[in-house]
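Protein chains in written order, with our numbering: chain A, 1 to 85; chain B, 1001 to 1418.
A hint or two may mislead.
[Said to hold, decoys possible] Covered stretches of chain A (chain B as the covering partner; in silico rule of three or more C-beta atoms under 8 angstroms from a C-beta of chain B): (1) 3-11; (2) 62-75.
[Unchecked claim] A few chain B positions that, by computed beta-carbon distances, are all more than 10 angstroms from chain A: (3) A1186; (4) R1214; (5) Q1243; (6) G1246; (7) S1256; (8) Q1278; (9) P1302; (10) T1303; (11) P1310.
Source of the hints: derived by calculation from the structure; they are not laboratory data. All C-beta atoms, glycine included, are put in the ideal place defined by N, C-alpha and C.
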Amino acid sequence: MQLIACPHCGPRAQAEFEFDRSVESVLTVDATEAEAVARLYHRENPKGWSWELWRHSAGCGVFLKLHRHTVTHEIAEVSLLDAAQ
Amino acid sequence: MKRYSSLGLLTAGLTGHTSWPRAWRDPAPKARYDIVIIGGGGHGLATAYNLAKRHGLRNIAVLEKGWIGGGNTGRNTTIVRSNYRLPQMQDLMEFSLKLWETMTDELNYNVMFSQRGAIFLGHSDSDMTKLAERGDAMLARGLDAELLTREQIAKMIPVLDMSRDARFPIEGGLNQPRGGSARHDAVAWGYARAADALGVDIIQNCEVTGFSMRGGKVEGLETTRGPIGADKVGICVAGHSGQVAGLAGVKLPVESQLLQAFVTEPIKPMIDTVIMSQSVHCYISQSDKGEVVLGGDPDNYPTYSQRGVPMRLEQVAGEAIALIPALSKLRMLRSWAGTTDMSFDGAPILDELPIEGLYLSGGWCYGGFKATPGSGWLFADHLATGQAHPIARPFALDRFERGATVDETGAGPKARDR
Chain A
1 MQLIACPHCG PRAQAEFEFD RSVESVLTVD ATEAEAVARL YHRENPKGWS
51 WELWRHSAGC GVFLKLHRHT VTHEIAEVSL LDAAQ
Chain B
1001 MKRYSSLGLL TAGLTGHTSW PRAWRDPAPK ARYDIVIIGG GGHGLATAYN
1051 LAKRHGLRNI AVLEKGWIGG GNTGRNTTIV RSNYRLPQMQ DLMEFSLKLW
1101 ETMTDELNYN VMFSQRGAIF LGHSDSDMTK LAERGDAMLA RGLDAELLTR
1151 EQIAKMIPVL DMSRDARFPI EGGLNQPRGG SARHDAVAWG YARAADALGV
1201 DIIQNCEVTG FSMRGGKVEG LETTRGPIGA DKVGICVAGH SGQVAGLAGV
1251 KLPVESQLLQ AFVTEPIKPM IDTVIMSQSV HCYISQSDKG EVVLGGDPDN
1301 YPTYSQRGVP MRLEQVAGEA IALIPALSKL RMLRSWAGTT DMSFDGAPIL
1351 DELPIEGLYL SGGWCYGGFK ATPGSGWLFA DHLATGQAHP IARPFALDRF
1401 ERGATVDETG AGPKARDR
């Protein structure tokens, strides 16, 4: 099980979190059809380092941006989303 | 190919089983093939077998990065059924289920396909409404389905906790009597042996590292055992679909996640059907060896690790014990995980990719095993003729951008279970 360091709650077990989506698939509200198709359906699906959104759903509820390795499960970075994101 | 038979088994037994020839050759890769299949799992081997058997092609290779039976073919919970709700999925899985019924004879290999029934449990009035709807959809399409009452379930599966204060009260169920299970290793070995006998080269320990292309058309492959030329290439690699297609610069609508399975120590027969609960997400059956086979939700996050998260084991074991309290006395023998390519509508992708000569059979999510013979038949048709079989047409790659997804659960663009 992965240990995810929530900036609000400290290191917590993966059981408290839910994977939401990969950052590449986040859609802006003004995306064109072509952008939407590319972001939703043309996925990198990386084997290696990946930028992902996770939610501390059974904790403080915050959305987090993780830089996580999809083979070793190493987590290099956990950050809060800033307003611009 | 030395034909397997009861008499042959008896005679070989008299000489201590020393007379068996190897089941398939171990050829070195040739410089060029008409068609190369990447991935020596059930789907890849079934595709190669159908290309040789039904289309008469003889210059075919299957490349496997590991060994035959070492991937997802040997990592699933071996359940075979066609009890789907949408007609496109029903047609695909029923086509496959019919082929399961003749597979042992066709391959001259006992795949131990046992049509012991596949039962979805209902735990509430709303579950029963959904099961009735699914059953009606199946009957309307000519599939076998029986809606079962609570009393019928109690009689069929006496080990279930039928008490009113059970954690998951049981209100009834939906049975597909022709569903069941098979021995998954035998499926891989049987197809490998039968394909090899028809001249297909099965090349193990051969990983594809790149494609060579000319003018937007596939010309061959780079592999860990050297370059191999090919007119057409079929990708059948399950969890690594995105990685292999990525080598050709194609991005797919899939996300790779893990599905775990667990088996207990072997015991005498106690469960003679396949028990599934879609609202609880627990799959229970008993293998012919006597092990109780358990499955549950996928791990629900992207990973290629083939190491399942322990909380899933805890969840599935807890659910299985709540449904069948007697299971609490058993020790867990093994657990493992397979990497699955979860598509964004829960349905597979069977199509030619935007590169000429490059085809994909992928996105089977965690439901690929039951589709093995049908997938091989349909994909071989597409590779051999360049035209998708009518049953495969709804599973075209461009269905996502056209908004024509085959969405069994109606949940939108997200990797999910069914």
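Structure-based check of all given hints:
Coverage of the segment 3-11 of chain A by chain B is violated [criterion: at least 3 residues with CB-CB distance below 8 angstroms; count 0]. Closer than 8 angstroms: that is the beta-carbon criterion, and the segment 62-75 of chain A has 4 residues meeting it against chain B, so the requirement of 3 holds. No Cβ of chain A approaches the Cβ of B/A1186 within 10 angstroms, the least distance being about 30 angstroms, so the stated non-interface status holds. Even its closest Cβ contact with chain A, about 24 angstroms, leaves B/R1214 beyond 10 angstroms, as expected for a residue assigned away from the interface.
Look at B/Q1243: its CB is around 5 angstroms from the nearest CB on chain A, not clear of 10 angstroms, so calling it non-interface is violated. Under the 10 angstroms C-beta cut-off, the non-interface status given to B/G1246 relative to chain A is violated; the minimum distance is some 8 angstroms. The Cβ of B/S1256 does not lie farther than 10 angstroms from every Cβ of chain A; its closest approach is about 6 angstroms, which violates its non-interface assignment. Against chain A, the non-interface label of B/Q1278 holds: every CB pair exceeds 10 angstroms, the least being about 20 angstroms.
A beta-carbon of chain A is positioned within 10 angstroms of the beta-carbon of B/P1302; the least distance is around 5 angstroms. The Cβ of B/T1303 does not lie farther than 10 angstroms from every Cβ of chain A; its closest approach is about 5 angstroms, which violates its non-interface assignment. With a minimum CB-CB distance of about 6 angstroms to chain A, B/P1310 fails to clear the 10 angstroms threshold, and the non-interface call is violated.
Of the hints listed earlier, those the structure fails to meet are numbers 1, 5, 6, 7, 9, 10 and 11, in rising order.
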